[in-house]
Amino acid sequence: MAVDRPLSTFQLQLRRFAQNRLAMLSVFVLLLIVLGCFFGPYAFPFDGEEADFDYIGAPIDFSSPHLFGTDDFGRDLLVRVLEGGQVSLTIGFLGALTAGGIGVLYGAIAGYVGGRLDGLMMRCVEILYGFPYVILVILLSLLFGGGNLALFAAIVFTLWLTPAVIVRAQAQSLTRREFVEAARAGGMTGTGIVLTHIVPNCLSVVLVYGSLLVPEVILSESFLSFLGIGIKEPQASWGNLIQTGTAAMDTDLRLLLLPGGLLAAVLLCLNFIADGLRDAFDPNDR
Amino acid sequence: MTLLEARALDVGYPVAGAGLFSRPVLLPIVHGVSLALHDGQTLGIVGESGCGKSTLGRALLRLVAPTGGQVLWQGQDMAGFSAGQLRRMRAGMQIIFQDPVAALDPRLTLGQIVSRPLAVFAPELTRADRAARAVEALARVGLSADFAGRYPHELSGGQAQRVGIARALIGGPKLLICDEPVSALDVSIQAQVINLLMDLQDSMGLALVFISHNLAVVRHISHQVMVMCLGRVVEVAPRNAFYARPLHPYSRALTAAVPEPDPRRERGRIGQSLPGELPSVLNPPKGCVFASRCPEAQPRCHAERPELRDFGGRQAACHFVGE
Numbered sequence: 001m002a003v004d005r006p007l008s009t010f011q012l013q014l015r016r017f018a019q020n021r022l023a024m025l026s027v028f029v030l031l032l033i034v035l036g037c038f039f040g041p042y043a044f045p046f047d048g049e050e051a052d053f054d055y056i057g058a059p060i061d062f063s064s065p066h067l068f069g070t071d072d073f074g075r076d077l078l079v080r081v082l083e084g085g086q087v088s089l090t091i092g093f094l095g096a097l098t099a100g101g102i103g104v105l106y107g108a109i110a111g112y113v114g115g116r117l118d119g120l121m122m123r124c125v126e127i128l129y130g131f132p133y134v135i136l137v138i139l140l141s142l143l144f145g146g147g148n149l150a151l152f153a154a155i156v157f158t159l160w161l162t163p164a165v166i167v168r169a170q171a172q173s174l175t176r177r178e179f180v181e182a183a184r185a186g187g188m189t190g191t192g193i194v195l196t197h198i199v200p201n202c203l204s205v206v207l208v209y210g211s212l213l214v215p216e217v218i219l220s221e222s223f224l225s226f227l228g229i230g231i232k233e234p235q236a237s238w239g240n241l242i243q244t245g246t247a248a249m250d251t252d253l254r255l256l257l258l259p260g261g262l263l264a265a266v267l268l269c270l271n272f273i274a275d276g277l278r279d280a281f282d283p284n285d286r
Numbered sequence: 001m002t003l004l005e006a007r008a009l010d011v012g013y014p015v016a017g018a019g020l021f022s023r024p025v026l027l028p029i030v031h032g033v034s035l036a037l038h039d040g041q042t043l044g045i046v047g048e049s050g051c052g053k054s055t056l057g058r059a060l061l062r063l064v065a066p067t068g069g070q071v072l073w074q075g076q077d078m079a080g081f082s083a084g085q086l087r088r089m090r091a092g093m094q095i096i097f098q099d100p101v102a103a104l105d106p107r108l109t110l111g112q113i114v115s116r117p118l119a120v121f122a123p124e125l126t127r128a129d130r131a132a133r134a135v136e137a138l139a140r141v142g143l144s145a146d147f148a149g150r151y152p153h154e155l156s157g158g159q160a161q162r163v164g165i166a167r168a169l170i171g172g173p174k175l176l177i178c179d180e181p182v183s184a185l186d187v188s189i190q191a192q193v194i195n196l197l198m199d200l201q202d203s204m205g206l207a208l209v210f211i212s213h214n215l216a217v218v219r220h221i222s223h224q225v226m227v228m229c230l231g232r233v234v235e236v237a238p239r240n241a242f243y244a245r246p247l248h249p250y251s252r253a254l255t256a257a258v259p260e261p262d263p264r265r266e267r268g269r270i271g272q273s274l275p276g277e278l279p280s281v282l283n284p285p286k287g288c289v290f291a292s293r294c295p296e297a298q299p300r301c302h303a304e305r306p307e308l309r310d311f312g313g314r315q316a317a318c319h320f321v322g323e
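Quick note, the sequences are listed as chains A and B, same order.
The first sequence begins at 1 in our numbering and counts up by one.
The second sequence begins at 1 in our numbering and counts up by one.
For the record, the hints were derived by calculation from the structure and aren't laboratory data.
A few of these clues could be false.
Going by beta-carbon spacing under 8 angstroms, a handful of chain B positions derived as facing chain A [what the hints assert, rightly or not]: (1) L63; (2) R90; (3) G92; (4) Q94; (5) I95; (6) F97; (7) D99; (8) A102; (9) R107; (10) R116; (11) P117; (12) V120; (13) F121; (14) E124; (15) R252.
Think of the CB as a built atom: it goes at the ideal place given N, C-alpha and C, for glycine as much as any other residue.
So here's chain A without its partners, still in its complex pose (with noise of 0.2 angstroms):
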């Protein structure tokens, strides 16, 4: 028999997503394009930086071997969007993972600490945000000789500083709380409150933030390697083929459509996803 458990305020809020009927079809939707992402490519005998000559410029024709038809090179238009999403989601979550988890730290130190080393690290926040966007992506991918690691960096460089602002408010308000006054009471170091009491409360925001975070991400990715910084051919992401599918857009929509419809799937999936955690994490709704 199960014995029934109480249930933490955490498990209480999961279960209030889980009940969402949209936050959930989107999470099915979510994990069904990334599992078609990284599995898909593999059904095919063909990978996406492969010409195939018989087939240049083929429209959709699900009777031959190239369901979607071809790009101008004769590369399996289908395959190139899976694998460009392998790239996307990857930079994505990633992204979002690190510039989360560095603002979160960051945050959360200078929100528990506070005084002059406050004012110093918000002051460095408010230097880097000053920063234009585009110019550092570039110095950055000089920095690092080009390629996906400077791409990574320069999107993480620039995301992490609202997650910082963000859980620094949190924490200057869980600081004021009695429980972590007890803490210190209880011979508990700053490190040890910071990591047990002040970040784990901040948990709800942050989650709601980084589902929002993964997308912007996406797109960051997606802009750059559209102004040509980021992925470059033959490797395919869903910024670059984006880039294509828009020059061809005058004579064949399907270039555009495809990748694009499944970025825009993505993006509305993490944004229902988003809603229904805000919905579920945030007291003052109910």
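With chain A held as given, fit chain B onto it using these hints.
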């Protein structure tokens, strides 16, 4: 033996200065408080909101660093201890809070909350030992073992305060600072918590500093009573002597403000509330802190601050006591 002693303790908080680049200004809260507490004794600290009694309580534990004076723990100046020494010594001095639910981290189980201080106070214990100690501490405050797996939001205020007490007791303290521990609780629960504290005092030899604005509760639990007004001590006396005849006009005003259970007598008292304004902490009066509201104030009270003087085993700070 004197467990805790404060000598001319000043406490203040830095607040941002007026200009953008001006240095922080020290906002003084507590002025020149001296006190001594012996093992197993209870000192009741009373005063209206904002008089600095909670700040004093935190400064006694060095949760707030004093800006002047000394706190001696078992005869040693606490300013002389390193941060690490101080953290381990906190096993002996604990605090319970006014809002019992806010004092518990909503993400942790009660077992985790109660046992956590042991990671510092008794690092040699295994995880299982710590959990067993937590259950023991919960039992001591009258909560059964199954509470260890529950979360703070499932508790009533009284239960949450018991958990707070269990957490404070886990390191085997000698001193417990109680910062308005019952003012957020129902009256029926207040008595339970007060009696629990008194039982624990008897069985463990705890010394208590009991901070409250409720004179009836302080009367029940204290051996000594200290009255604070605007950050200064205006009267210190043994409990019975204080309640029989408070010397300072402020103490008399406080005792007179306690509501009467008899409605007919209560009706007669209306209109006796204190006239005048409470002076601002930012602009403290030059003379007696109570002069602006004192019914017996003379010109001298506004000009010259009365010192605490001895009156046979008790002290008061008023120019006219004993005249």
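Structure-based check of each hint:
1. L63: Where the cut-off is 8 angstroms and the nearest Cβ of chain A is about 6 angstroms from B/L63, the hint holds.
2. R90: holds (4 angstroms)
3. G92: violated (11 angstroms)
4. Q94: With Cβ-Cβ at 6 angstroms, under 8 angstroms, it holds.
5. I95: holds (5 angstroms)
6. F97: Given a least distance of 4 angstroms, the restraint on B/F97 holds.
7. D99: holds (6 angstroms)
8. A102: Nearest chain A Cβ about 5 angstroms off; hint holds.
9. R107: holds (5 angstroms)
10. R116: This interface hint holds because 6 angstroms falls under the 8 angstroms limit.
11. P117: Hint on B/P117: holds, closest Cβ of chain A at ~4 angstroms, below 8 angstroms.
12. V120: holds (4 angstroms)
13. F121: With Cβ-Cβ at 6 angstroms, under 8 angstroms, it holds.
14. E124: Nearest chain A Cβ about 15 angstroms off; hint violated.
15. R252: violated (33 angstroms)
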